[in-house]
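Q: Listed below, chain by chain, are the residues.
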Amino acid sequence: MQSEREEREREIGGKSFGWVARMSTSISTSSAGKERKAFGWAARDADGVLSPFSFHVRANGEEDITLKILYCGICHTDLHIIKNDWGNASYPVVPGHEITGIVTEVGQNVQKFKIGDKAGVGYMVGSCNDCGNCKEGYENYCPKVIQTSNGVQQDGKATYGGFADILVVNEAFAVNLPENMPLDKTGPLLCAGVTVYTPLRRFGLNEPGKHLGVVGLGGLGHLAVKFGKAFGLKVTVISTSSSKKKEAIERLGADSFLVSSDNDQMKAAMGSLDGIIDTVSAHHAITPLILLLKTYGKLVLVGGPNKPLELMAYSVIQGGKIVAGSLIGGIRDTQEMVNFAAEHNVAADVEVVPMDYANAAFERLAKGDVRYRFVIDVANTLT
Amino acid sequence: MAEIENRKKVSPEEEHPRKAVGLAAKDSSGVLSPFNFSRRNNGDNDVTIKILYCGICHTDLHVIRNEWKNAIYPVVPGHEIVGVVTEIGSNVQKFKVGDKAGVGCLVGSCHSCGGCENDLENYCSKMILTYNSIDIDGTITYGGYSDLIVVREHFVVKFPESLAMDKGAPLLCAGITVYNPMKTFSLDEPGKHLGVVGLGGLGHVAVKFGKAFGMKVTVISTSLNKKDEAIKTLGADAFIVSSDPQQMQAAMGTMDGIINTVSAKHDIVSLIFLLKIQGKMIMVGVPDRPLELPTFPLIMGGRILAGSSIGGLKQTQEMIDFAGKHNITADIELIKADYVNEALNRLAKGDVRYRFVIDVGNTLTPA
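For the record, the sequence lines run as chains A and B. Sequential numbering from 1 applies to the first sequence in the UniProt record's numbering. Sequential numbering from 1 applies to the second sequence in the UniProt record's numbering.
Note that these hints are calculated values from the structure, not bench results. C-beta atoms are modelled at their ideal positions from N, C-alpha and C, and glycine is treated no differently. Where hints are given, some of them may not hold.
[To be verified] Under 8 Å between C-beta atoms, here's a sample of chain A residues computed to sit facing chain B:
{"#": "1", "residue": "49"}
{"#": "2", "residue": "308"}
{"#": "3", "residue": "312"}
{"#": "4", "residue": "316"}
{"#": "5", "residue": "322"}
{"#": "6", "residue": "325"}
[Stated by the list, open to error] Derived PhoX-like pairs: lysine-lysine, alpha-carbon spacing no greater than 25 Å straight-line:
{"#": "7", "chain 1": "A", "residue 1": "294", "chain 2": "B", "residue 2": "216"}
{"#": "8", "chain 1": "A", "residue 1": "144", "chain 2": "B", "residue 2": "276"}
{"#": "9", "chain 1": "B", "residue 1": "192", "chain 2": "A", "residue 2": "135"}
{"#": "10", "chain 1": "B", "residue 1": "216", "chain 2": "A", "residue 2": "135"}
{"#": "11", "chain 1": "A", "residue 1": "144", "chain 2": "B", "residue 2": "192"}
{"#": "12", "chain 1": "B", "residue 1": "94", "chain 2": "A", "residue 2": "210"}
{"#": "13", "chain 1": "B", "residue 1": "192", "chain 2": "B", "residue 2": "94"}
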């Protein structure tokens, strides 16, 4: 229906304006004009190899902003999607949901942005706006959430992500980026950042003096350390090998480092942590992590192991402990996180790469060979 | 362990000044037999209770059979104790002789750790359990399958006048074990939807508290034959058979919280999916084999899995006062002391609606 209308718009050409204008007043978020050309890189199949791809984005609606994309971070989820690891890829997939850029157009009802503003878009570009989750600001948990990349819009069309030159998005799903934020290092905050920030807030792991454990030192983990320090927490990085100890402490500012395969170290640290952010997406043992927690301590899973993990019930029952999951954050959380990061100078450690390096970057990411996020310099290198 | 070695040199009858009788397991067969022992004199801060009733908790079974490898024989179990105060120490404020009193799972704690300072003696690393634990004087604690007990006042709760003592005894452990997480995780608000997994000693009390809180309560069980009583006797609003995929699917995403009382290894994946977004499942049963924890429903829905162990003394008093106000008691089978071994065997098979309580006052006789 919608697509038919847009077909007619193109056919009618110059006469379309008056007809479409009447239509658009009755559909508040509809596009008031033609689709626009866009250009990006997409994966065509489960080999996950990216190559140049032309497509269309909707015209800027009344509540939309158009973003000229400057940078886009590469998240491990992008890798899972383009390789169809979760069986949900709808090719061609233009990945990318850690997007920063400049606003080039604003719809007539837009309140939060003006042309020239810096803006960011994360994992979501829409939600139902009607369910309990949306009303409470948990759009991330809306059953009808629309993902920025590999998602499906209300009109049935695919969404294309940030490995592209432009993005048209409802202003409600974009965040203001304070002027002083470096756009290359800010992109990863929009997914990795909010993913660790939100549970730190939700579970009270943001009070000075508390002791936080961070498992895994990658895109998520390194930001958990930085936010933890910015909150005034004592931070211990927990890792399977001591190889990352120096950088955890000297580069990221962690207070201490625990090798999870060292029984003596783990035993000595039992009952010492108020909370743990566990970013590891491989299958791993969580009972020993739970034993590190104090009474009422919380283990928050943000990495997504594919297979169930083993849990010994006594480890949560003794001490009334909690194992929780957390998925990104709502828009309010995201804006709050960005503002906090700007104030406390929290930015990701990035390796900025040109678009034609994307495939090599994904291969290195699969091996964990990055300190700690690749970011594509879209505006300067997308051709 | 030196204290235990030393203790063996003094017989239980001579350890303390006052004679006591009870039922003890002498070895890992877990068979109980009459046992003469002794209790300390009533100290300044102590309360002496003539025990009238003691509930049988599944933990008693685990301990006497040494299933957790921590039994110190002879074990006198029992931590769901109700009786009458017969003596009070000079510093005792809360009780007078003749008062009804209850004792649960704890008889001591350090009083100085973060747990104790926050009324969470149940999470004190130095807590002293009512039985099978080492007391301050180095002796082993003996529990409520006995005629009297001497307890520090802090660890005794006032038992409501309005509640039946025999039916109220299980609240001292089963009751607080489910009440605590329901309060801690806000599963006590009218209109919210509570799931209760397992309909035994813990589960049936959770249903009663849930209804008293004004919640919608759904029982989740493996046995269809419990449906009638869940709904007609206990007042649950709905009943789901956990092995029925259609029923489980229809209930997905409908519950604010679940109290999981099951102590056998079981599938928790399908249970977690019953929770709404940001819903919570609290484990109070203790399977001793690993459970499989799925991460996707936790992450994709921001859900929580937590554990909870009994409760502090302040909350135990609050719980029993609440029960008194709303007339909530356990459904029990009152037994004589000489039936205890048979009762334990039946408990091992889940054959009880829903708690055995020993009529100590009337049927416990010396060895």
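Q: Determine for every hint whether it applies to the structure shown.
A: How the hints compare with the structure:
no.	hint	in the structure
1	49	violated (27 Å)
2	308	holds (4 Å)
3	312	holds (6 Å)
4	316	holds (3 Å)
5	322	holds (4 Å)
6	325	holds (3 Å)
7	294/A with 216/B	violated (33 Å)
8	144/A with 276/B	holds (15 Å)
9	192/B with 135/A	holds (18 Å)
10	216/B with 135/A	holds (23 Å)
11	144/A with 192/B	holds (23 Å)
12	94/B with 210/A	violated (37 Å)
13	192/B with 94/B	violated (36 Å)
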